[in-house]
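> Okay, here's what each chain looks like letter by letter:
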Amino acid sequence: MDENEATFHSGGNGATPWQPRIIGFLCYWCSYTGADNAGTARMKYAPNVDVVKVMCSGRIDPDLIGKAFANGADGVLVLGCHIGDCHYISGNHKTMVRMPLVRRVLEGMGIEPERFRHEWVSAAEGEKFSRLVTEMTEQVRALGPLNWRERLHACGVGHGMDLAPWGEERP
Amino acid sequence: MSETVQAGDHKASVDGDQPRVGVFVCRCGGNISDIVDVDAVARRLSDVRGVVCATTHQFFCSDPGQALIEQSIKEHNLDRVVVAACSPSLHEITFRRAVARAGLNQYLFEHANIREQVSWVITDKSAATDKAERLVRAAVARTRRLAPLQKRRIHIRPSVLVIGGGVAGLTAARDLAARGIHVTLIESSPFLGGRLAQLHRIFPTGQRARDVVTPLIEEVASNPNIVIHTNAELERASGFIGDFHTVVRIMPRGVSEACTNPQEVIDSCPEETVDGFNLGLAKRKAIYMPYAGCYPPVPAIDWRSCTKCGACFEAAAGKGIDLDEKPREVMIAAGAIVIAAGLNTYAPRHGEYGYGQFQEVVTLAQLNRMLDPTGPTAGKLTVNGRSVRRVGFMHCVGSLQHEGIHKPMRDGRINQYCSRVCCTTTMHAAEEIKDRFPGVQVYDFHEDIRTYGRRHESYYDHVCQQGVAFIRFDPLRPPTVEADTKGEFPLVVKTTDRLTFGEELEVPLDLLVLATGLVARDMSKLVDLYRCSVGADRFLLEVHPKLRPVELAAFGLFLAGSVQGPMDIAESTAAAAAAASKASALIKAGQIELDPFVARVDEHHCSGCKVCLYVCPFTAIERNDSTKTARVNEALCTGCGTCVASCPCNAIQQQGFEDSQVESELMALLAGKPPAEELLAAV
Numbered sequence: 001m002d003e004n005e006a007t008f009h010s011g012g013n014g015a016t017p018w019q020p021r022i023i024g025f026l027c028y029w030c031s032y033t034g035a036d037n038a039g040t041a042r043m044k045y046a047p048n049v050d051v052v053k054v055m056c057s058g059r060i061d062p063d064l065i066g067k068a069f070a071n072g073a074d075g076v077l078v079l080g081c082h083i084g085d086c087h088y089i090s091g092n093h094k095t096m097v098r099m100p101l102v103r104r105v106l107e108g109m110g111i112e113p114e115r116f117r118h119e120w121v122s123a124a125e126g127e128k129f130s131r132l133v134t135e136m137t138e139q140v141r142a143l144g145p146l147n148w149r150e151r152l153h154a155c156g157v158g159h160g161m162d163l164a165p166w167g168e169e170r171p
Numbered sequence: 172m173s174e175t176v177q178a179g180d181h182k183a184s185v186d187g188d189q190p191r192v193g194v195f196v197c198r199c200g201g202n203i204s205d206i207v208d209v210d211a212v213a214r215r216l217s218d219v220r221g222v223v224c225a226t227t228h229q230f231f232c233s234d235p236g237q238a239l240i241e242q243s244i245k246e247h248n249l250d251r252v253v254v255a256a257c258s259p260s261l262h263e264i265t266f267r268r269a270v271a272r273a274g275l276n277q278y279l280f281e282h283a284n285i286r287e288q289v290s291w292v293i294t295d296k297s298a299a300t301d302k303a304e305r306l307v308r309a310a311v312a313r314t315r316r317l318a319p320l321q322k323r324r325i326h327i328r329p330s331v332l333v334i335g336g337g338v339a340g341l342t343a344a345r346d347l348a349a350r351g352i353h354v355t356l357i358e359s360s361p362f363l364g365g366r367l368a369q370l371h372r373i374f375p376t377g378q379r380a381r382d383v384v385t386p387l388i389e390e391v392a393s394n395p396n397i398v399i400h401t402n403a404e405l406e407r408a409s410g411f412i413g414d415f416h417t418v419v420r421i422m423p424r425g426v427s428e429a430c431t432n433p434q435e436v437i438d439s440c441p442e443e444t445v446d447g448f449n450l451g452l453a454k455r456k457a458i459y460m461p462y463a464g465c466y467p468p469v470p471a472i473d474w475r476s477c478t479k480c481g482a483c484f485e486a487a488a489g490k491g492i493d494l495d496e497k498p499r500e501v502m503i504a505a506g507a508i509v510i511a512a513g514l515n516t517y518a519p520r521h522g523e524y525g526y527g528q529f530q531e532v533v534t535l536a537q538l539n540r541m542l543d544p545t546g547p548t549a550g551k552l553t554v555n556g557r558s559v560r561r562v563g564f565m566h567c568v569g570s571l572q573h574e575g576i577h578k579p580m581r582d583g584r585i586n587q588y589c590s591r592v593c594c595t596t597t598m599h600a601a602e603e604i605k606d607r608f609p610g611v612q613v614y615d616f617h618e619d620i621r622t623y624g625r626r627h628e629s630y631y632d633h634v635c636q637q638g639v640a641f642i643r644f645d646p647l648r649p650p651t652v653e654a655d656t657k658g659e660f661p662l663v664v665k666t667t668d669r670l671t672f673g674e675e676l677e678v679p680l681d682l683l684v685l686a687t688g689l690v691a692r693d694m695s696k697l698v699d700l701y702r703c704s705v706g707a708d709r710f711l712l713e714v715h716p717k718l719r720p721v722e723l724a725a726f727g728l729f730l731a732g733s734v735q736g737p738m739d740i741a742e743s744t745a746a747a748a749a750a751a752s753k754a755s756a757l758i759k760a761g762q763i764e765l766d767p768f769v770a771r772v773d774e775h776h777c778s779g780c781k782v783c784l785y786v787c788p789f790t791a792i793e794r795n796d797s798t799k800t801a802r803v804n805e806a807l808c809t810g811c812g813t814c815v816a817s818c819p820c821n822a823i824q825q826q827g828f829e830d831s832q833v834e835s836e837l838m839a840l841l842a843g844k845p846p847a848e849e850l851l852a853a854v
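As they're listed, the protein sequences go chains A and B. Reading the first sequence from the start, the letters are residues 1 to 171 in our numbering. Reading the second sequence from the start, the letters are residues 172 to 854 in our numbering.
Keep in mind that the hints were calculated from the coordinates and are not lab data. Where hints are given, some of them may not hold.
[Claimed, not checked] Chain A stretches covered by chain B per the calculated footprint, using a threshold of three residues with CB under 8 Å from any CB of chain B:
1. 36-49
2. 64-73
[Unchecked claim] Simulated crosslink set (DMTMM-like; lysine to aspartate or glutamate; CA at most 20 Å straight-line):
3. B/K497 x B/D473
4. A/K53 x A/E127
5. B/K454 x B/E428
6. A/K53 x B/E263
7. A/K44 x A/D85
8. A/K44 x B/D208
9. B/K753 x B/D766
10. B/K696 x B/E722
11. B/K479 x B/E443
12. B/K551 x B/D446
13. B/K799 x B/D830
14. B/K479 x B/D493
15. A/K44 x B/D295
16. B/K696 x B/D708
17. B/K490 x B/E500
18. B/K479 x B/E435
19. B/K717 x A/D63
20. B/K781 x B/D796
21. A/K44 x B/D205
22. A/K53 x B/E602
23. A/K53 x B/E722
24. A/K53 x A/D63
25. A/K53 x B/E435
26. B/K759 x B/E722
We put the CB at the ideal spot given by N, CA and C, even for glycine.
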């Protein structure tokens with residue numbers, strides 16, 4: 001596709017080259033603090049991962065990941081505390097079990113496995129966070145835009161993935 | 172404006188009237204504005220539906236900055252506030268308070284992190300400005316979906332349960348009782364004092380350990396605010412912060428205070444068994460007191476070796492001896508719990524550095540008992556009746572283990588951590604040997620010496636000058652211990668010395684002391700009953716090592732001492748004092764306010780499948796048998812949201828992280844892609 005067709009930000013003028021749009025679901029206690037840690041250490045990384053904070057990676061409903069892809073994300077990054085470090089004892093154990101299943105479901109729905117990544121980042125691992133963000137960005141950039149919703153609609157499916165009823169909230 | 176945020180009005184504002192959002196973009200004195208064009212962000216945001224004011228300030232966290240927020244709330248009749256600034260971990264509370272001061276519900280506020288996660292990590296100004304704009308738009312979208320929330324308020328019962336009667340538990344109990352708080356202290360063994368009572372002389376004061384622990388025990392035992400249960404095992408627990416109910420099983424002691432001639436009673440016992448207090452270096456009777464001056468000053472019967480022959484009963488003339496005493500259960504209600512369960516020393520494997528193979532190989536804890544003049548060898552340094560001429564210390568036995576070199580523990584893991592206290596304890600023992608037995612030669616085999624902390628390193632220097640020979644081995648090729656074939660000494664240690672550039676050494680010894688590390692004890696029952704977090708090293712895990720160092724994630728539980736990891740006595744007592752102070756602050760407040768981000772079950776959608784009951788790490792969800800639906804106990808819920816993601820019916824929502832809120836945020840972040848309506852029209 002023409003790279004200029006999809007624009008980068010809402011204020012984009014169409015002339016900006018395509019940039020991957022990645023959603024990062026981060027648990028508050030380890031990974032979000034790890035991301036802050038990268039900032040405090042002034043590490044530089046790609047601007048393409050937008051962080052959605054949840055209290056525990058166990059809160060990351062696979063539904064949210066599907067909706068992210070369906071609504072324009074080119075990649076999704078799920079980060080939680082290392083096993084044994086969970087603020088909520090075992091919330092991340094559920095994440096550990098869920099994410100491989102999510103990956104299989106996504107693959108079955110035609111999403112390349114490189115677009116979805118699940119890792120553990122502790123509050124001290126700012127360096128790991130910045131590395132993951134940059135790696136993920138380049139990985140997804142190499143694959144190009146996903147346009148999953150368009151793909152699904154082209155196949156005549158995918159209405160269920162629309163974010164009704166709050167889809168109208170779109171600015 | 173407080174009246175505009177009542178629940179009813181709020182609903183109206185979502186369904187009918189537009190929420191009135193105020194956006195405040197902070198410059199952070201250039202920290203943000205040098206990279207992010209904050210004025211452009213504010214300008215672009217002012218066009219967003221529902222945003223009635225968008226403004227910038229040098230420092231919104233400053234008093235004038237906060238005043239501007241408050242003033243804008245009143246002036247523009249705002250009912251939602253977004254501040255884009257540093258990380259929420261720094262100033263979310265500051266801004267929530269400012270919002271509350273202006274009469275708005277503090278949970279109608281959203282914080283966008285455009286410093287740690289934007290301006291400090293992105294170099295391209297235009298990309299940074301775009302990203303900041305996206306994050307603020309997302310925060311606005313989220314805030315439009317927010318509902319006013321109230322903090323949970325929980326009443327706290329004015330008593331504390333302290334688990335563990337070692338130095339940390341005793342210190343915590345004493346400090347709590349000194350503040351007038353009723354304390355119940357439970358100890359699993361028959362006597363108080365824990366590991367400290369077993370030590371000999373302690374660094375840095377050189378005092379006898381018993382001179383430290385005995386006055387502490389006396390203080391605790393004589394305090395009318397403290398109830399002590401020894402021989403107490405945890406049985407069941409229920410409840411939550413403010414109202415824990417713990418049932419302990421008091422195992423029979425067999426002897427009561429009515430027994431007036433304890434020593435004669437002990438002497439009358441015909442059964443001998445291994446003396447655990449002296450770490451197997453001596454024998455004791457089946458009815459025993461571990462040391463003179465122990466507390467309680469009443470013997471206890473070791474039921475594993477007692478044959479119930481009745482000799483003690485006769486010696487006591489029937490007074491105070493009950494060989495048929497039954498266990499009894501006691502229920503302890505407490506507003507908070509201090510866990511001071513302590514740790515274990517590493518038990519070397521059979522054959523590890525000759526341990527178990529040679530009688531001349533002992534642990535550092537056993538040496539401590541030998542050096543004690545009241546101990547099993549009466550303070551003499553003898554093995555097998557032979558005076559010791561040469562003693563060696565082997566560091567890091569059970570600590571700093573290496574993958575592939577050391578065999579894993581029972582749970583398959585190796586102990587990679589440093590046990591922290593063994594180096595200085597070894598130095599202390601080496602100095603005492605040099606001091607008390609001047610003829611004895613001392614060798615120190617180490618991979619590394621970590622005499623960390625105040626006064627420790629200078630002490631190491633001091634010991635170096637006492638004529639101790641230090642030998643540094645290669646951790647990947649640890650020394651071997653064999654019987655000395657030349658016969659003059661029982662043992663020989665073979666090693667290479669890195670300090671002399673790989674010289675091969677054979678050191679004959681009379682006694683080899685293994686500086687065994689410290690390991691977590693089996694706390695599965697405790698962990699299970701109170702839902703404690705456990706670290707990868709098997710010790711209990713605090714919420715945050717710096718910000719909340721003595722608290723567990725489950726509310727109302729505090730950690731005292733080495734249950735949390737290897738600590739020396741000073742660190743244990745400091746941690747215990749901290750835990751006591753945290754617990755007493757909670758008790759004295761009488762009630763606590765908790766974040767309202769708890770899960771809520773919509774009974775109309777709940778199918779009663781119980782998945783949430785199984786996934787909840789805090790057993791905060793129960794099933795209402797009459798309605799056959801799940802119900803969240805708000806006092807137990809810590810707000811992780813795991814149940815929300817697990818519910819197949821979407822019947823659970825987490826307040827503050829409802830699907831609609833998270834998804835609005837997601838939508839705003841992904842905006843700029845073709846809107847759904849157009850696509851639908853195209854299909």
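> For every hint, state whether the structure bears it out.
Here is how each hint holds up against the structure:
Remark: the stretch 36-49 of chain A is confirmed as covered by chain B, as 9 of its residues place a Cβ nearer than 8 Å to a Cβ of that chain, reaching the required three. Counting residues of the stretch 64-73 of chain A whose beta carbon lies closer than 8 Å to any beta carbon of chain B gives 6, which meets the minimum of three for the stated coverage. Note on B/K497 and B/D473: the hinted pairing holds, with a Cα-Cα distance of about 14 Å set against a maximum of 20 Å. For the given pair, A/K53 sits about 19 Å from A/E127 by alpha-carbon distance, which is consistent with the 20 Å threshold.
Restraint check: the Cα-Cα separation between B/K454 and B/E428 comes to about 25 Å, which exceeds 20 Å; the hinted pair is violated. A C-alpha spacing of about 14 Å is found between A/K53 and B/E263, which places the hinted pair at or below 20 Å, so the restraint holds. As the CA atoms of A/K44 and A/D85 are separated by approximately 26 Å, the hinted pair breaks the 20 Å bound. Distance check on the hinted pair: A/K44 and B/D208 sit about 18 Å apart at the alpha-carbon level, within 20 Å; holds.
For the hint linking B/K753 to B/D766, the alpha-carbon distance of about 18 Å falls within 20 Å, and the restraint holds. Distance check on the hinted pair: B/K696 and B/E722 sit about 19 Å apart at the alpha-carbon level, within 20 Å; holds. For the proposed pair B/K479 and B/E443, the alpha carbon gap of about 13 Å is at most 20 Å, so the pair holds. This hinted pair checks out: B/K551 and B/D446 have alpha carbons roughly 18 Å apart, not beyond 20 Å.
A distance of roughly 24 Å separates the Cα atoms of B/K799 and B/D830; the hinted pair therefore is violated under the 20 Å criterion. A C-alpha spacing of about 10 Å is found between B/K479 and B/D493, which places the hinted pair at or below 20 Å, so the restraint holds. Taken as a hint, the A/K44 and B/D295 pair is honoured in the structure, with Cα atoms around 10 Å apart against an allowance of 20 Å. Of the supplied pair hints, the one linking B/K696 and B/D708 holds, its CA atoms being roughly 17 Å apart against a limit of 20 Å.
A distance of roughly 24 Å separates the Cα atoms of B/K490 and B/E500; the hinted pair therefore is violated under the 20 Å criterion. Annotation: proposed proximity of B/K479 to B/E435 holds, straight-line Cα distance about 17 Å (limit 20 Å). Of the pairs offered as hints, the one joining B/K717 and A/D63 is violated, with about 35 Å between alpha carbons and a cut-off of 20 Å exceeded. Of the pairs offered as hints, the one joining B/K781 and B/D796 holds, with about 12 Å between alpha carbons and a cut-off of 20 Å not exceeded.
At most 20 Å may separate the alpha-carbon atoms for a hinted pair to count; A/K44 and B/D205 meet this at roughly 15 Å. Restraint check for A/K53 and B/E602: the C-alpha separation of about 55 Å exceeds 20 Å, so the hint is violated. Using a Cα cut-off of 20 Å, the hinted pair A/K53 and B/E722 is violated, with the two alpha carbons roughly 23 Å apart. Annotation: proposed proximity of A/K53 to A/D63 holds, straight-line Cα distance about 16 Å (limit 20 Å).
Among the hinted pairs, A/K53 with B/E435 is inconsistent with the structure: their alpha-carbon atoms are about 69 Å apart, more than 20 Å. Taking the CA atoms of B/K759 and B/E722, the gap is about 17 Å. The hint holds against a cut of 20 Å.
Comparing the model with each numbered hint stated earlier shows that hints 5, 7, 13, 17, 19, 22, 23, 25 do not hold.
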